[in-house]
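K.L.:
In the numbering used here, the protein residues as written are 2 to 59.
In case anyone wonders, no lab produced these hints; they're calculated from the structure. On a predicted model such as this, the values are computed, not experimentally measured, just so you know. Note that beta-carbon positions come from the ideal geometry of N, C-alpha and C, so glycine has one too. Don't take every hint at face value.
Restraint ranges, calculated between C-beta atoms of paired labels, are given here [said to hold, decoys possible]:
1. PHE45 x ALA13: 18 to 28 Å
2. ALA10 x ALA51: 16 to 26 Å
3. ALA12 x ALA51: 15 to 25 Å
4. ARG49 x GLY20: 30 to 40 Å
5. ARG58 x LEU24: 37 to 47 Å
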Amino acid sequence: LVGTELVGAGAAAGWAIGGLFQLGETLTRVLEGLLILTALTGLFYFLRAAIAHEPIRG
Numbered sequence: 002l003v004g005t006e007l008v009g010a011g012a013a014a015g016w017a018i019g020g021l022f023q024l025g026e027t028l029t030r031v032l033e034g035l036l037i038l039t040a041l042t043g044l045f046y047f048l049r050a051a052i053a054h055e056p057i058r059g
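Input sequences plus hints: build the corresponding full structure.
P.N.:
Structure follows, in structure tokens:
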């Protein structure tokens, strides 16, 4: 659930910023991609910390 929210927020933020500043379609897509990658990086560190506190196995 956290991952879906982060990726969705990254895509929505890129779309909103691109539209607000009229960056054009290509630059807006690049911005969306960068923000989605940032969200996935945040998800990676979140999962790493969560698994460290409560392991999935045993």
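K.L.:
Hint by hint, say whether it matches the structure.
P.N.:
Okay, the hints, checked on the actual structure:
1. The hinted window of 18 to 28 Å between PHE45 and ALA13 holds, with their beta carbons roughly 20 Å apart.
2. Checking the proposed 16 to 26 Å range against ALA10 and ALA51 shows it holds: the Cβ atoms sit about 19 Å from each other.
3. Restraint check, ALA12 to ALA51: a C-beta distance of roughly 23 Å satisfies the suggested window 15 to 25 Å.
4. Taking 30 to 40 Å as the suggested C-beta distance range, the pair ARG49 and GLY20 conforms, at roughly 34 Å.
5. Between ARG58 and LEU24, the C-beta spacing of about 45 Å keeps the proposed range 37 to 47 Å intact.
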